[in-house]
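S.K.: In case you want the letters, here they are:
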Amino acid sequence: MSSEFTITVNGTPVSVSPGATVAVALMIAGRPCRMSITGEPRGPLCGMGICFECRAVVNGIPHSRSCQLLCEPDMDVRTDE
Amino acid sequence: MGKPAYDVVIVGAGIVGAACADAFAERGLRVVVVDRDVVGSGATAAGMGHIVVMDDSDAQFALTNYSQRLWQQLMPELPDNVEYQQPGTIWVAADDEEMTEVFRKRDYYQRRGVGVDVLDYQQLQEAEPNLREGLVGGLLVTGDAVLYPPCAARFLITRAQQRGAKVKLGASVTQIAEQKVRLSDHQEISAEIVVNAAGANAPDLTPALGIKKRKGHLVITDRYPGFLRHQLVELGYLKSAHSVSVDSVAFNVQPRRTGQILIGSSRQYGAEHKEVDQSMLANMVRRAQEYMPALGMMSAVRVWTGFRAATPDKLPLIGPCPGYRSLWLATGHEGLGITTSLGTARILVDQVTGSRTAIAAEPYLPSRAATEYAHV
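Top line first, the protein sequences correspond to chains A and B. For reference, each letter of the first sequence is one residue, going 151 to 231 in my numbering. For reference, each letter of the second sequence is one residue, going -18 to 357 in my numbering.
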């Protein structure tokens, strides 16, 4: 698709389509959203902003719900903090 | 009448009752602990869980300092889930008047061998970069620690059980009489002595103790590792915590090992219901944001309340209860029960067994209430 753009996930560029959520970008990148306190990988469960499982650090803001955020060009997403 | 089944029956399996059970069992006494709920379910679960030295009075200092040392001795034995860590407390001074208090406090602690460092504005900013600009300085008390109280209570109860103590949970004590307690199922437990360690509920079983419920609110945030490094308390806290009649809030935050942040504190008399008071909560959070503006960006995971057992002179009741032959008290710890539980237990057990107490027990004797509280 011509209008694809790039965000970074843990510093690595990921190409996404307009309208993609950050949760989708993380799936494309093959990354869990975060690690739980006991070291388990976590990802989207409800997909609608209720369960808080899909939290990631987006543009420096911790605990952002990745399923509720649309990707924007040059967005910086971190799952390793 | 035969010999009572136990030497000691303890009412309440909060941190104070748990510490007493452990200390009595250590001396070889036959102990049973009764609680209407589970271990550490009252103020023990609701509080922040600090192990702090306080200097509200010489007696308060003596008990908190003694207790903190006992915690430090116990530390190597504490299981991982107690989450004991020693970040230290910083008393934050917002103006020159409060900075004067920093120096007074430093002198008081230093003379008594407590490790303290005065922080100027620069050092305070380096120690806690998320504090707002324009504060004056602070006092770091290096030995202060935090832990997770319900697990600490469970550890103490478990150790008491290993030492032979019995624990009866889900059993509500309806009456304390000489050498026995009566349960809601009409069962009776007899013992040489009864210890009322029921915290803010102690007066329900032993009237006229002078204990009042003092309600508090707490907030816990999501995980923000590194945001907060020490326990922080505003020195204005002294003004609010000392007032025994007016509702108040004060800035008090605490880092947890998970990276979560506990935000307090509020104090309310005459609020008997457990419901969160939205205006109190709003005032408390606003106060916290005045000191740490970025707290406003955080997600709170949970808000709850609890009841401190407050006495008029802000010292606990430890010792024989006037008017009874076999009733002893270990209650009235206000907001310091986690810290002072270990010292309380030692003092009580030493009194009961006729041993010498490590610190003077007189300031905490319940009999003081008969004279001092008469005019309150």
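Since the hints were derived computationally from the structure, they do not count as laboratory data. In this text the structure is predicted, and so the values were computed from the model without any measurement. Beta carbons are placed, not taken as given, at the ideal position from N, Cα and C, and that holds for glycine. Warning: the hint list may mix true and false statements.
[As the list claims (entries may be wrong)] Each pair of labels, with its calculated beta carbon distance range: (1) T156/A / P110/B: 50 to 60 Å; (2) G197/A / K255/B: 32 to 42 Å; (3) P110/B / G169/A: 32 to 42 Å; (4) T123/B / G169/A: 33 to 43 Å.
S.K.: State for each hint whether it applies.
M.R.: Verification of the supplied hints:
Under the hint 50 to 60 Å, the C-beta atoms of T156/A and P110/B, about 32 Å apart, miss the expected range. About 35 Å separates the C-beta atoms of G197/A and K255/B, a value consistent with the hinted range of 32 to 42 Å. Taking the beta carbon of each, P110/B and G169/A are about 38 Å apart, inside 32 to 42 Å as hinted. Between T123/B and G169/A, the C-beta spacing of about 54 Å breaks the proposed range 33 to 43 Å.
Checked against the numbered hints given earlier, the structure breaks hints 1 and 4 and satisfies all the rest.
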